[in-house]
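Since chain A is already given, all that's left is putting chain B on it; use the hints.
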Amino acid sequence: DAKTTQPNSMESNEEEPVHLPCNHSTISGTDYIHWYRQLPSQGPEYVIHGLTSNVNNRMASLAIAEDRKSSTLILHRATLRDAAVYYCIPRDGGGGADGLTFGKGTHLIIQP
Amino acid sequence: KAGVTQTPRYLIKTRGQQVTLSCSPISGHRSVSWYQQTPGQGLQFLFEYFSETQRNKGNFPGRFSGRQFSNSRSEMNVSTLELGDSALYLCASSLLRSSYNEQFFGPGTRLTVL
Numbered sequence: 709d710a711k712t713t714q715p716n717s718m719e720s721n722e723e724e725p726v727h728l729p730c731n732h733s734t735i736s737g738t739d740y741i742h743w744y745r746q747l748p749s750q751g752p753e754y755v756i757h758g759l760t761s762n763v764n765n766r767m768a769s770l771a772i773a774e775d776r777k778s779s780t781l782i783l784h785r786a787t788l789r790d791a792a793v794y795y796c797i798p799r800d801g802g803g804g805a806d807g808l809t810f811g812k813g814t815h816l817i818i819q820p
Numbered sequence: 455k456a457g458v459t460q461t462p463r464y465l466i467k468t469r470g471q472q473v474t475l476s477c478s479p480i481s482g483h484r485s486v487s488w489y490q491q492t493p494g495q496g497l498q499f500l501f502e503y504f505s506e507t508q509r510n511k512g513n514f515p516g517r518f519s520g521r522q523f524s525n526s527r528s529e530m531n532v533s534t535l536e537l538g539d540s541a542l543y544l545c546a547s548s549l550l551r552s553s554y555n556e557q558f559f560g561p562g563t564r565l566t567v568l
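Protein sequence lines correspond, in order, to chains A and B. Take the first sequence: its position 80, counting from 1, is numbered 788 in the numbering used here, and each next residue is one higher. Take the second sequence: its position 77, counting from 1, is numbered 531 in the numbering used here, and each next residue is one higher.
Next comes chain A alone, as it looks inside the complex (with noise of 0.2 Å):
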C-alpha cells in the first residue's frame, strides 16, 4: 500500500475554501485516489475520487499533481458540518479489492 502523509490538523473560518494536502510520493500508476471523512460519532463517508485528472462533484474538488505525488481537496466553502477527520487513501485499481487502509488523517476545525 502506498503511504499517506496529512497534516495532523488544519483549522478554517466558515464560509471560506480549505485546501487539504495529502502527500502519497509511493502511489503506483493503477492506483486511484480516495478521499473519505468521518464526522463526529459517525462512520466514514466517501468524498471523492480520481485517478489523474481533477475531479469534481457536489462536495468537494479533487486536485491531483501532474506526478501524482500529492493530492489537494478542496473545500470551496466550508460549513461547521464540515468538521471533520479527513482520510487521504491510495486504492489500486488493479483489479480486485484489498480494504481501505486509514492513517491518522487530518482533523478539520471550522470556526464559526
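Careful, some of the hints might be misleading.
Taking lysine-lysine and the BS3-like style, the derived pairs with C-alpha atoms no more than 30 Å apart in a straight line are [what the hints assert, rightly or not]: (1) B:511 with A:777; (2) A:812 with A:777; (3) A:812 with A:711; (4) A:812 with B:467; (5) A:812 with B:511.
In case anyone wonders, no lab produced these hints; they're calculated from the structure.
Only chain B this time, still in chain A's reference frame:
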C-alpha cells in the same frame, strides 16, 4: 434507498464471552467489509465478503470471523473476547469489488468488553 444498518448499536460483554454483530448492506450491494476502530490503532480493516465468500482479510487473529448470506447480509463473530476488543465495529457495503467503487459505512456497533 436505505443506508447500511448495523445491529445492535451498543453491546456490553465480559471477557471470555463471544459476540455476533450484524450488518445489512444497501440494497443491491454485494460486497460487505468490516472495520475495527479504536483510539490507539485507528480504523483497521478486518475482512471483506463478496458473493458469500471471504475475499480479503486484515491482520487480525482467528478469533475474528465472519460470514455473508445469500441476500448479502453479513455477520461478524468475535470469540473469547479480550479487553482490547473494545472498539467501534464498522460495516461498509459497496456495489461490486473494485477500487473504483466507494464504500458506504454504517453507524457502527460500539462493543465494550468488561
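Straight-line alpha-carbon gap residue 812 (chain A) to residue 511 (chain B), limit 30 Å:
OK: residue 812 (chain A) and residue 511 (chain B) at ~21 Å, within 30 Å.
Holds or violated: residue 812 (chain A) with residue 467 (chain B), Cα cutoff 30 Å?
holds (28 Å)
Agreement of residue 812 (chain A) and residue 711 (chain A) with the hint, judged by alpha carbon distance not exceeding 30 Å:
holds (11 Å)
Would you check the hint for residue 812 (chain A) and residue 777 (chain A), treating anything up to 30 Å between C-alpha atoms as holding?
This hinted pair holds, its Cα atoms lying about 18 Å apart.
Are the Cα positions of residue 511 (chain B) and residue 777 (chain A) separated by 30 Å at most?
holds (28 Å)
Taken one by one, the earlier hints all hold for this structure without exception.
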